[in-house]
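Engineer: Taken in order, these protein sequences are the chains called R and Y. Under the numbering used here, read the first sequence as residues 1 to 461, first letter to last. Under the numbering used here, read the second sequence as residues 1 to 282, first letter to last.
Calculated directly from the structure, the hints in this document are not laboratory data. Beta carbons are placed, not taken as given, at the ideal position from N, Cα and C, and that holds for glycine. A portion of the hints provided could be inaccurate.
Computed list of lysine to aspartate or glutamate pairs in DMTMM-like fashion (alpha-carbon distance at most 20 Å, straight line) [what the hints assert, rightly or not]:
#, chain 1, residue 1, chain 2, residue 2
1, R, K174, Y, E41
2, R, K174, R, E216
3, Y, K92, Y, E39
4, R, K174, Y, D145
5, R, K174, Y, E39
Across the chosen pairs, the derived CB separations fall in these ranges [unchecked claim]:
#, chain 1, residue 1, chain 2, residue 2, range
6, R, A274, Y, R40, 41 to 49 Å
7, R, E235, Y, R184, 56 to 64 Å
8, Y, A124, R, R56, 24 to 32 Å
9, Y, A81, R, E430, 29 to 37 Å
10, R, P371, Y, A193, 27 to 35 Å
11, Y, A81, R, A366, 41 to 49 Å
12, R, D309, Y, E172, 22 to 30 Å
13, Y, A193, R, E206, 15 to 23 Å
14, R, R238, Y, R143, 46 to 54 Å
15, R, R232, Y, A47, 27 to 35 Å
Simulated coverage check for chain R against chain Y, where a stretch passes if three residues somewhere in it have a Cβ under 8 Å from a Cβ of chain Y [as the list claims (entries may be wrong)]:
#, region
16, 45 to 59
17, 76 to 82
18, 143 to 156
19, 162 to 176
20, 184 to 196
21, 415 to 423
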Amino acid sequence: MTTPDGRPGPSGTRPGAPVPGTPIPGAPSSDGDERRFDVAYITRVEGEGSLRLRLRGTEVVEARLGIFEAPRYFEQLVVGRTPDEVVDIVARICGICPVAYQMSAVHAFEAAFGIEIDPAVRALRRLLYCGEWIQSHALHVYLLHAPDFLGYPSAIALAADHREVVERGLAVKKVGNRIISILGARSIHPVSVRVGGFSRVPRRAELDALRGPLAEAIEGARETVAMVAGFRAPEFEREPMLVSLRHPSEYPFNEGRIVSSDGLDLPLDRWDDAFEEHHVEYSNALHARTTDGRVYLLGPAARITLAGDTLHPVAAEALAASGLRDAIRTNAFWSIAARAIELLHACAEALDIVEAYRPPAEPRVAWTPRPGRGAWATEAPRGLLFHRYEVDERGFVSAAQIVPPTSQNQGAIEQDLALFAPSVLSLPHEEATLRLEQLIRSYDPCISCATHFLDLTIERE
Amino acid sequence: MDTVSAPGTAPAPAPARPRVGVVKFASCDGCQLSILDLERELLEVAAHFDIVEFPEASSARSDGPYDVLFVEGSISTPEQAEQIADLRGRAKLLVTIGACATAGGIQALRNWADHDAWRAAVYARPEVVSSLATATPIADHVRVDAELRGCPIGIGQLRELLTALILGRRPEVRDEAVCAECKRRGAVCVMVATGTPCLGPVTQGGCGALCPRWGRGCYGCFGPREAANAQSLAGWFVGAGRDEPDVGRLFAGFTAWAEPFRTMVTELGGARGAEGTRGERE
Numbered sequence: 001m002t003t004p005d006g007r008p009g010p011s012g013t014r015p016g017a018p019v020p021g022t023p024i025p026g027a028p029s030s031d032g033d034e035r036r037f038d039v040a041y042i043t044r045v046e047g048e049g050s051l052r053l054r055l056r057g058t059e060v061v062e063a064r065l066g067i068f069e070a071p072r073y074f075e076q077l078v079v080g081r082t083p084d085e086v087v088d089i090v091a092r093i094c095g096i097c098p099v100a101y102q103m104s105a106v107h108a109f110e111a112a113f114g115i116e117i118d119p120a121v122r123a124l125r126r127l128l129y130c131g132e133w134i135q136s137h138a139l140h141v142y143l144l145h146a147p148d149f150l151g152y153p154s155a156i157a158l159a160a161d162h163r164e165v166v167e168r169g170l171a172v173k174k175v176g177n178r179i180i181s182i183l184g185a186r187s188i189h190p191v192s193v194r195v196g197g198f199s200r201v202p203r204r205a206e207l208d209a210l211r212g213p214l215a216e217a218i219e220g221a222r223e224t225v226a227m228v229a230g231f232r233a234p235e236f237e238r239e240p241m242l243v244s245l246r247h248p249s250e251y252p253f254n255e256g257r258i259v260s261s262d263g264l265d266l267p268l269d270r271w272d273d274a275f276e277e278h279h280v281e282y283s284n285a286l287h288a289r290t291t292d293g294r295v296y297l298l299g300p301a302a303r304i305t306l307a308g309d310t311l312h313p314v315a316a317e318a319l320a321a322s323g324l325r326d327a328i329r330t331n332a333f334w335s336i337a338a339r340a341i342e343l344l345h346a347c348a349e350a351l352d353i354v355e356a357y358r359p360p361a362e363p364r365v366a367w368t369p370r371p372g373r374g375a376w377a378t379e380a381p382r383g384l385l386f387h388r389y390e391v392d393e394r395g396f397v398s399a400a401q402i403v404p405p406t407s408q409n410q411g412a413i414e415q416d417l418a419l420f421a422p423s424v425l426s427l428p429h430e431e432a433t434l435r436l437e438q439l440i441r442s443y444d445p446c447i448s449c450a451t452h453f454l455d456l457t458i459e460r461e
Numbered sequence: 001m002d003t004v005s006a007p008g009t010a011p012a013p014a015p016a017r018p019r020v021g022v023v024k025f026a027s028c029d030g031c032q033l034s035i036l037d038l039e040r041e042l043l044e045v046a047a048h049f050d051i052v053e054f055p056e057a058s059s060a061r062s063d064g065p066y067d068v069l070f071v072e073g074s075i076s077t078p079e080q081a082e083q084i085a086d087l088r089g090r091a092k093l094l095v096t097i098g099a100c101a102t103a104g105g106i107q108a109l110r111n112w113a114d115h116d117a118w119r120a121a122v123y124a125r126p127e128v129v130s131s132l133a134t135a136t137p138i139a140d141h142v143r144v145d146a147e148l149r150g151c152p153i154g155i156g157q158l159r160e161l162l163t164a165l166i167l168g169r170r171p172e173v174r175d176e177a178v179c180a181e182c183k184r185r186g187a188v189c190v191m192v193a194t195g196t197p198c199l200g201p202v203t204q205g206g207c208g209a210l211c212p213r214w215g216r217g218c219y220g221c222f223g224p225r226e227a228a229n230a231q232s233l234a235g236w237f238v239g240a241g242r243d244e245p246d247v248g249r250l251f252a253g254f255t256a257w258a259e260p261f262r263t264m265v266t267e268l269g270g271a272r273g274a275e276g277t278r279g280e281r282e
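Bound conformation, chain R alone (with noise of 0.2 Å):
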């Protein structure tokens, strides 16, 4: 929130965000000829974050996201703490991602010990994940995102006016967090996923009682698409440097290798033979850069371009039927259509491994931990999340890296908006700054999730 004159407004007073009028430690006072936006507090986005973007002319000079959310130093929180304890502390970096935490930290802990994990287990694993995507896109879609396209603060707002939008959106993403209650016992930090397998797992009949809920969200999701590509989006071209996870046969969540738009191509546990993470003083949050220092892109947009010859039959319909591929990739704002994409794929493939449902003969296989490195990465809501852990003769982790989605985007949404804001200059001050805010968004920060600390292994500059 600001006034025309780019200072906060009454309400940046905000726990945890810098005083109004403050400038950000480091960043130059402004001159005349020199025009600015600064958002104090991004609103609508999870976790917090400002944004200052300077220009002289139409030449950028300054474009910060600014992460000032406090640090809880979650790689030095594991050390010392066993596996299935990792598993439980790791999904407390983020609400509403809590499930990619915990797929990440198990697969990685399973790729160190050597663990092969029961088919029927792996297919729970990919349910779970679809309820997780579910629920965080059913979230972004409508309670975050679409506001902004139909010109009202809040869903609430919206709500007021266009209450069966809202109620679609409210229904789809409650059977997602029905899918993660039934797998895990609550749907915000589920309780079940355990290094081998799970906990407990579901008789046919609980995930039988699925198959109605499931068959109406693939409904409502297919409406979310329509209603989506009926959008206006802003006008914005760029082709940014994209990466996700890539399986032959499956859309990615927790297996195959790591791709980019410009033909990497990994394993997806040496994520950090390509990349590397650098702190920035305005950012809790590190960034990350390709290790030739360059920007990219993760998230449903990468995932659409990259991957998007494995969705479900019925997604790549909509998509095709959309029209948006090419602009899923080239203009931001589009994610809306994207994450409406990807909710129609989970929402049908959960459907499809609820019908096809066998319970493991056990919940999960019996390991031994043994010392040594385990790292992988899968697809959260927000893009590609590795995970490293080195585990001690005593099955103890003894060091931890952890590298959340909206970190590596961060230089890819600065980068952007440096790209985009000249092209908002000749509209009135706060609704140029509401397009920025609305740019930010497409790339669904997660802000609890991007700060934190690494280990011992940084480079210092």
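Could you slot chain Y onto chain R? The hints should help.
Structural biologist: Okay, now just chain Y, sitting in the frame of chain R:
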């Protein structure tokens, strides 16, 4: 396809609705998300309350005053310590939601550790990162009128609290251990059946005994219940042949900083920097 138009003239809000704020400090956002997870009831809630501040969900903002302020997260930076004091003055009722706000959260494990060393070990320029040596619950800083426990909070308790606020009565939250919920639901006791350590006897109920029902021990995310005898439970675990730090780690979870779990961690070890005062750890 829906045809959705821009906002029209919204009906004037009824003046009697309580003004509600939802804010956060150091946390994962999961407890605020629980409010959005009310789903269909969310719109009913919005009809009874005037949600004037909820930046995760709305761009419409307000500095207060608030009739009810829900606070998520623990206090872990110098700025947050100032802000919670300021916010207290703007709120008639202040309700803390979740393990971070009520007990410090998982990040309170730093309270045993050398915070400056962690920060310096990690950030290339630690001096630009604002962070306190401790992460502490809201009640350590300001008066709290009510609290909802849990990591995350239970939807049932949230619903009860909101209903009580609408009706102007006291919320009815049972004061009982997870064990009582477990028994009422007829779940198999994991300690008896499989020897799995479980914090159910010393943990405040409210979750519905989820962990035992899903085949594992309770990890205490609703925090210690009043007058919980953690010492005795820990003694049983140690007596059954477990190492003290292994027992300490059971308590070193999402509510570790709440007494008496805190004493267990300090005495037995289990958090980094808490090596145990009984001297058994190498």
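Engineer: If a hint holds in the structure, say so; if it doesn't, say that too.
Structural biologist: Consistency of the hints with the structure:
1. Proposed proximity of K174/R and E41/Y is supported: the alpha carbons are some 11 Å apart, at most 20 Å.
2. Between K174/R and E216/R the alpha-carbon distance is near 11 Å, which keeps this suggested pair within the 20 Å criterion.
3. Taking the CA atoms of K92/Y and E39/Y, the gap is about 27 Å. The hint is violated against a cut of 20 Å.
4. Proximity of K174/R to D145/Y is assessed by CA-CA distance (about 31 Å); at most 20 Å being required, the pair is judged violated.
5. A C-alpha spacing of about 7 Å is found between K174/R and E39/Y, which places the hinted pair at or below 20 Å, so the restraint holds.
6. Range check, A274/R to R40/Y: Cβ separation about 45 Å, and the 41 to 49 Å hint holds.
7. Look at E235/R against R184/Y: about 60 Å separates their beta carbons, and that is inside 56 to 64 Å.
8. The beta-carbon spacing between A124/Y and R56/R, approximately 29 Å, falls within the hinted interval of 24 to 32 Å.
9. Separation of A81/Y from E430/R is about 33 Å and conforms to the stated range, judged on CB atoms against 29 to 37 Å.
10. Here the CB-CB span from P371/R to A193/Y is close to 32 Å, well matched to the stated 27 to 35 Å.
11. For A81/Y and A366/R, the Cβ-Cβ distance of about 47 Å falls inside the hinted range of 41 to 49 Å, so the restraint holds.
12. Here the CB-CB span from D309/R to E172/Y is close to 55 Å, at odds with the stated 22 to 30 Å.
13. For the pair A193/Y and E206/R, the beta carbons lie near 21 Å from each other, so the given range of 15 to 23 Å is met.
14. A hinted range of 46 to 54 Å for the beta carbons of R238/R and R143/Y is consistent with their spacing of about 51 Å.
15. Between R232/R and A47/Y the Cβ separation comes to about 30 Å, which falls inside the hinted range of 27 to 35 Å.
16. Using a Cβ-Cβ cut-off of 8 Å, 4 residues of the region 45 to 59 of chain R lie near chain Y, which meets the minimum of three, so the contact claim holds.
17. Closer than 8 Å: that is the beta-carbon criterion, and the region 76 to 82 of chain R has 6 residues meeting it against chain Y, so the requirement of 3 holds.
18. For the region 143 to 156 of chain R, the assignment as covered by chain Y holds, since 10 residues bring a beta-carbon within under 8 Å of that chain's beta-carbons and 3 suffice.
19. Counting residues of the region 162 to 176 of chain R whose C-beta lies closer than 8 Å to any C-beta of chain Y gives 10; at least three are required, and the coverage claim holds.
20. With a threshold of 8 Å between beta carbons, the proposed coverage of the region 184 to 196 of chain R by chain Y holds, since 9 of its residues qualify and at least three are required.
21. Taking a C-beta to C-beta cut-off of 8 Å, the region 415 to 423 of chain R contributes 0 residues in contact with chain Y, too few for the three needed, and the coverage statement is violated.
The structure fails to meet hints 3, 4, 12, 21 from the earlier list, while all remaining hints are met.
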